[in-house]
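Student: Here the protein sequences line up with chains A and B, keeping their order. Using my numbering, the letters of the first sequence correspond one by one to residues 1 to 115. Using my numbering, the letters of the second sequence correspond one by one to residues 116 to 270.
If you're looking for bench data, these hints aren't it; they were derived computationally from the structure. Please read these numbers as outputs of a predicted model, since none were measured by experiment. What you were told as hints is all true, and nothing was included just to trick you.
In silico DSSO-like links for lysine-lysine, alpha-carbon gap of 30 Å or less: (1) K38(A) / K253(B); (2) K64(A) / K75(A); (3) K248(B) / K135(B); (4) K75(A) / K91(A); (5) K64(A) / K248(B); (6) K154(B) / K135(B); (7) K202(B) / K253(B); (8) K253(B) / K135(B); (9) K38(A) / K154(B); (10) K154(B) / K202(B); (11) K75(A) / K38(A); (12) K75(A) / K202(B); (13) K38(A) / K135(B); (14) K248(B) / K202(B); (15) K124(B) / K135(B); (16) K253(B) / K154(B); (17) K248(B) / K154(B); (18) K124(B) / K248(B); (19) K202(B) / K91(A); (20) K38(A) / K64(A); (21) K38(A) / K248(B); (22) K154(B) / K64(A); (23) K253(B) / K64(A); (24) K75(A) / K25(A); (25) K202(B) / K64(A); (26) K248(B) / K25(A); (27) K253(B) / K124(B); (28) K202(B) / K38(A); (29) K38(A) / K124(B).
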Amino acid sequence: SGVSSGCQQGGCLTCSDYNGCLSCKPRFFMHLERIGMKQIGVCMTSCPPGFYGTRSPERNTCTKCRSECDSCFNKNFCTRCRAGFYLHLGKCQENCPEGLVRSDTQRECVPRCPV
Amino acid sequence: RPALRAVIKVALLNHEPTGKPITLEGVFVGGSAGYAEGKLMQYHPLSLCNTSEDERQENDFITIVKLEHRVPRCLPLLDKARMALDKGAQAVIFDVSDDANAAAELRDTDSLPRPVVLVEAEHAEELMGLVNKNEEAKVRIDILVEPPRWPHYDV
Chain A
1 SGVSSGCQQG GCLTCSDYNG CLSCKPRFFM HLERIGMKQI GVCMTSCPPG
51 FYGTRSPERN TCTKCRSECD SCFNKNFCTR CRAGFYLHLG KCQENCPEGL
101 VRSDTQRECV PRCPV
Chain B
116 RPALRAVIKV ALLNHEPTGK PITLEGVFVG GSAGYAEGKL MQYHPLSLCN
166 TSEDERQEND FITIVKLEHR VPRCLPLLDK ARMALDKGAQ AVIFDVSDDA
216 NAAAELRDTD SLPRPVVLVE AEHAEELMGL VNKNEEAKVR IDILVEPPRW
266 PHYDV
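All chains, full assembly: derive it from the sequences and hints.
Tutor: This is the structure we're talking about:
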């Protein structure tokens, strides 16, 4: 199938009308973007919030963070939590360990304020 | 054993139900012939590669994937079909117009829990045309019952 407008993006190496990007140029990440019922490939220099980049010999891909994370370095290290969860040592939890309290503004476990 | 043919009826969700639904045909694979219905939802061929925690659809949906020979297979097609069904699809439709090996790859399988259908040519183009225009559609898949061909009697 031919080349479509979606294929003129800078990072795209090969693409098709219906699937968008099929492969990316080196160093770009392949992100699968859902737009209604469609899902197309998009090549990005860095992954969007809520996703992290994984490099491999075949292709670099954007993978979704855990559901409780708003953003993350990788599958096991969150950098910001979703509402109702609190960050502690890279994990998003509903409760904080002993000696720490939940900060709703930062969505983190923080030391108790001295009285 | 000849592969059973599938009839695919497509009703557009955002249009007044005036006209007849679009009727297309395909071929069941993997011993998966049967009935299924759901909203049409496209998946990129690279989305069925790992079990990462990506988006899960809420209601009943039918996955359609346009296969491309230029995309190296990250998994055998049978595993891709299973992964799509594991992600909650009521059925999977593969557009094999641009991937000649796909049909052969799935011909000998016999163990799929829900319908998997191959489409090509004008049938595939009609479906992917709806996807390209983001025309939300409800799809019903069933076994195509061929009208009996009466033998010629010399009266």
